[in-house]
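Visitor: Here the protein sequences line up with chains E and B, keeping their order.
Numbering of the first sequence is given in full-length UniProt numbering, commencing with residue 1 and proceeding in unit increments.
Numbering of the second sequence is given in full-length UniProt numbering, commencing with residue 1 and proceeding in unit increments.
These are computed hints drawn from the structure, not numbers from a lab.
Treat the numbers as computed from the prediction; the structure is a model and nothing was measured.
One or more hints might be untrue.
Chain E is faced by these chain B residues, among others (derived, beta-carbon under 10 Å) [claimed, not checked]:
(1) Val183
(2) Thr271
(3) Ala272
(4) Cys412
Here are the simulated lysine to aspartate or glutamate pairs, EDC-like style, with alpha carbons at most 16 Å apart [as the list claims (entries may be wrong)]:
(5) E:Lys525 / B:Asp366
(6) B:Lys338 / B:Glu364
(7) B:Lys643 / E:Glu672
Don't be surprised by glycine CBs; every beta carbon is placed ideally from N, CA and C.
Protein chains: 2
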Amino acid sequence: GAGADNDLYINQAIVFIEDAIQYRSINHRVDSKSLWLYRWYYSRTCQWILSLTITIILALAFIEKPSSLTVTSDVRYRLPAWNPPCGLTESIELLCFLVFMVDVSVKSYLVGWEEFWKNKWLMAYILTLIVSLTDWIVSLSFLCTENVRIRRILRPFFLLQNSSMMKKTLKSINSTLPEMASVVLLLAVHLSLFTMFAMLLFARTKDGQQDKEWMVYFRNLPDSLTSLLVLLTTANNPDVMIPAYSKNRAYSIFFILFTVLGNLFLMNLLTAIIYNQFRGYLLKSVQSSLFRRRLGIRAAFEVLSSLKEAPANAQQSYVNTGALQQVLQKVEMDSRCKQAIMRSLKMCSCDQLSVAQFQKLFEELDKDAIRQHPPSPDYQSRFMQKIQFAFGHPYFGYLGNVVALANIVSICVVLVMDADKQPSERDDFFLGAINCFFILYYLLEMLLKILAMGLKRYLSYPSNRFDGLLTVILLVLEIATFAVYGFPHPGWRPEFIGLLSLWDMVRLVNMLIVFRFLRIIPNMKFMALVVTTLLDLVKNLRAFAGILVVVFYAFAITGIMLFKGAVISVYIKKVVFSFKGKCGFMDLFGYFQADVTYCLLYLLSLNLICRWAKIYFVAWWLISSVIWVNLFVALLLENFIHKWDRRCHREPLSDVEYQRTVELMFRDVLEEPTEEELMEKLHQHPHLQLCR
Amino acid sequence: GAGADNDLYINQAIVFIEDAIQYRSINHRVDSKSLWLYRWYYSRTCQWILSLTITIILALAFIEKPSSLTVTSDVRYRLPAWNPPCGLTESIELLCFLVFMVDVSVKSYLVGWEEFWKNKWLMAYILTLIVSLTDWIVSLSFLCTENVRIRRILRPFFLLQNSSMMKKTLKSINSTLPEMASVVLLLAVHLSLFTMFAMLLFARTKDGQQDKEWMVYFRNLPDSLTSLLVLLTTANNPDVMIPAYSKNRAYSIFFILFTVLGNLFLMNLLTAIIYNQFRGYLLKSVQSSLFRRRLGIRAAFEVLSSLKEAPANAQQSYVNTGALQQVLQKVEMDSRCKQAIMRSLKMCSCDQLSVAQFQKLFEELDKDAIRQHPPSPDYQSRFMQKIQFAFGHPYFGYLGNVVALANIVSICVVLVMDADKQPSERDDFFLGAINCFFILYYLLEMLLKILAMGLKRYLSYPSNRFDGLLTVILLVLEIATFAVYGFPHPGWRPEFIGLLSLWDMVRLVNMLIVFRFLRIIPNMKFMALVVTTLLDLVKNLRAFAGILVVVFYAFAITGIMLFKGAVISVYIKKVVFSFKGKCGFMDLFGYFQADVTYCLLYLLSLNLICRWAKIYFVAWWLISSVIWVNLFVALLLENFIHKWDRRCHREPLSDVEYQRTVELMFRDVLEEPTEEELMEKLHQHPHLQLCR
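The following block holds chain E by itself, in its conformation from the complex:
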């Protein structure tokens, strides 16, 4: 009937508006039941459960068998890692797989059969699940004794497919690959030509004394390649040329040529290429988000305008204000935005909304969230007003910075004086006393500021929150210290009592004081700019970081499978060292232990595994250090240049804080989608039949 139809239209409008708010695609089923399922799937609880499941399945690696998550990494002291019984991690995995199966079925159902076949990500998702389940069954049937577990390498895929940002980024990276491959090919040519030169130049001579260079670095083809590849990472820079250089200074020309061509030209060319490819990346992605938002709003308008209540108007379609209010009440969105839209709807005071009016209403979504700080309290007495003026003044804040600096300097002086003292000679009185004084000052500063600004206004500034929190923690620590060890006095060197020794307490307090000193950042203009750029960058980098996590996880798991056990890790360690500075992060998971004995090294150095290790580390270096770092530089350049250009345009308004999002940063350059584009896209919708 008409009522059921109307309910359906209202529900469609609600979902479309929610899609617009979240920048989601509107290409999903739009019948009543599917809409309910859709809203349920994108509800906070469901998405939270999905994220939790992904986190759990990724975190399993930390407790699964070849893990070595122990406090120390020194094999001499470390206790054997906890070994979960067979079936424990496997049952957790099964639960996760069940959740993923529900996820993939709901997703597939919602996009519809036709779309499903076009969606490669969904197909890959199903395939990954099938492979993982098969591997899981194999694993259980071997009672967890089998070595190769493919499903572990596949795990990061679940993280990847759940984020549309990451999928988009991956597509961008993919389109840059041909150019990157060309430069990598060039690098390979460069490397191989220079390797041949090196082998001819540093050949074995009849005088055994003279061929040190040959012995150590250019003994055979793989050694020469490795030496020069490592030189490309600058890890062995002067060492590799020292023997030849001692023989004849002219040999240095070879190494300088290699470094200048390889490191200075080719490596930076990679940066240039990646930057060139990514220059428009942010803008393009923001532009497509904007299109999705406008499309969602427009779709909502179209379905609302086909409501039966609306008067049939041949020329133009209109939306009833009442229907829109009904929709708005049910839409889940930021309460500030909702109120603003409701308010302008009431102010409009018309009964019907045209397309333009409708879209104008929702422009509130694109606006900066302007946050007004609460006002200071109004004191009646003159004395209080004077106090308020004095301690609410910026100069009081500067004084606080100066005191914090003095505190840092005093800690520094004590550290320098105590540097070479034995722990038993150390006298904690001086530091205890001055810290006590400074912490009292910090407390006073906080209280006076609260008095002057009022608690609400005080807390509305992030710098004050940071400040206040640290001051409270410092105070608690100090009180705890005095409660356990008594007040400081000359020769104050109490024995160890309680959880932490006095020395540890004092160190902790000092570290917190150093950390608190960061409050000066907003006071320095350039620093503030840099810090906000970095924070923006972190926001934009989430997708990149996610992809890095995916790559890293896959590498780490492959690493465990390839080189498990402590004996081999000794060799790995040597390889890691030869790539040092570039592979430091590989150790994060603790798979490659910092070992103390190198004695088994030479036994292994001709092993097959070593070659695998080399290839593995070269791949890791290329991906993490060369490509990822360059992507990072490209994004940083992009972000920073936008920010820098913008800095001149706008002056900071006092007392008003802008919460800028990426979308807002580009607002001036974004193009609004045209009427035709929107309507064409709407008519292509696979499930929505528009009346006209």
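Model the placement of chain B on the given structure of chain E, informed by the hints.
Guide: Quick look at chain B alone, frame taken from chain E:
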């Protein structure tokens, strides 16, 4: 009289046109004698003498006293360097100073008295000369025994002041300094805060076994600062965290945080800032060159139009064609351009030239030099025509590339097989025989190509010149080998005869063959693009390279003065090693010897000189590695992105080669100066009084 006036005007026009061609400023004296002096000063001979003088005075450092320019850098084997007698280098220096004095006087006279006082470079030039001469007198009066020679540090100034490009670049760098200083300040804050954290975190504990980290890296404030500074260069990346990491894995968080913030964020921020500042640099500099050119042409027009012969025309000024021809004949310029201008002047067939016509004539100067390759010879016989078709075809070139590749592969195979053989076991027959065959093929290829293309056309391609030259050298080497050692046969292992052993000859031949393989570059599209970008970059980088040479020279001389003698160089070596990968180039001049004994190290480690060495190397690292490399990256990005954007626009025309200069690269975006700007600038000329 009028004739003398006319002569003066003609001379002025000649000089102005030459200024325009060379992009020189026209703000110099314009009376007859000054013009003669000006043309003499900017004549090739004079400028060549000046360049030679600068080269000589800079090169003096290689033979002056604390130099160590010997073949080996090993102190055990090296002979004492040649010590020039007192007075030899000093008299060469005096001659150079005399040339510089003439240079500065001519320059000062030519710009005129008023301009002289505004020109800071000229003042600095005179000051430098005075200081250098004073130092020279002091040096002679001490009979060359004094240690501190200020004039040596001042020498690179002579290089700097002679190049207008370098002066312009220096100005650009100067304007970027405030932003760079901000980031360096941020880095310093980052470093000092983390140093304090580290000193608190890795403090000395009561258990001597546990504080390895403290012992080695964080013993006191200077040690901690150095450790973290070196970590910022990634030279000690995993080492510095291993002791702490073995104790507790969580300590790695500190090092990762430090590296991510410092290396990934702050260092790349520096790149972003420098790139942002230099984005418009190239364009701006080309734009100002264009302005100078247009101004010179316009000035020539103005003086020519005030010739007495020309009819007085109230509305518009005209230039007589005859006068222009007279001027053109005396102007020194590229003969191709001159002919083109003369030709269009004749084709114009009018008696008078307006401003627009005059300027249009000289647009020939801005045009690409299009080089047509000479035609292939026309053979009459059908057989020769077939041969010409076959060997002039690109496929014949590809075949040559394939053969060169086969040669490389064969050398590679022999190298791998011979890698572990003793020199006495080595059989040179195989390599000798195949190289002989390949070189014969190369000779044949060259001859056939010359036959097909004719010698002139063959030589007009740079790739053929490269190819032919190497083939001839290879042939000569091979003939010499056979002449001395006879033809190769199995077991061909002759003893050492003549200048080079057979083994060295074979190695040299192989190296040349590897080098010859580079001829494939123009055949690969992407490689060709990269190589042309790099060549362009090298052209644009001359000014930067010059500034680097200046900085490097000053650093090297300061280095000699601060740390001369082998004993101290041992310590320097240690510092160099701690900055390894970043300071490798410091050794170029050979001042810091690769030493073998480290025994004196600890005696010196508390010396005052060590601190100086640290500061010296940190400064060097900041300037050479951080700032210069970032400038380089900025320029590379700028160049590459321009080139890349342009690549799509134009298709390569067959048989036509463009000789692109920087000026031409930007032609599409350059703005022509307006009439008003030109005339305003002309009226500001300090020496030229225009009639109207």
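Visitor: It remains to establish, for every hint, whether it holds in the given structure.
Guide: Comparing the hints with the structure gives:
Checking valine 183 of chain B against chain E: minimum C-beta separation of about 8 Å stays under 10 Å; hint holds. Interface restraint check for threonine 271 of chain B: the shortest CB-CB distance to chain E comes to about 6 Å, inside 10 Å, so the restraint holds. The interface hint given for alanine 272 of chain B is met, as the beta carbon of that residue sits about 4 Å from the closest beta carbon of chain E, less than 10 Å. Annotation: interface hint on cysteine 412 of chain B holds; nearest CB of chain E at approximately 6 Å, less than 10 Å.
Restraint check for lysine 525 of chain E and aspartate 366 of chain B: not satisfied, since their Cα atoms lie roughly 45 Å apart, outside the 16 Å limit. The straight-line distance between the Cα atoms of lysine 338 of chain B and glutamate 364 of chain B is roughly 9 Å, inside the 16 Å bound, and the hint therefore holds. A C-alpha spacing of about 31 Å is found between lysine 643 of chain B and glutamate 672 of chain E, which places the hinted pair above 16 Å, so the restraint is violated.
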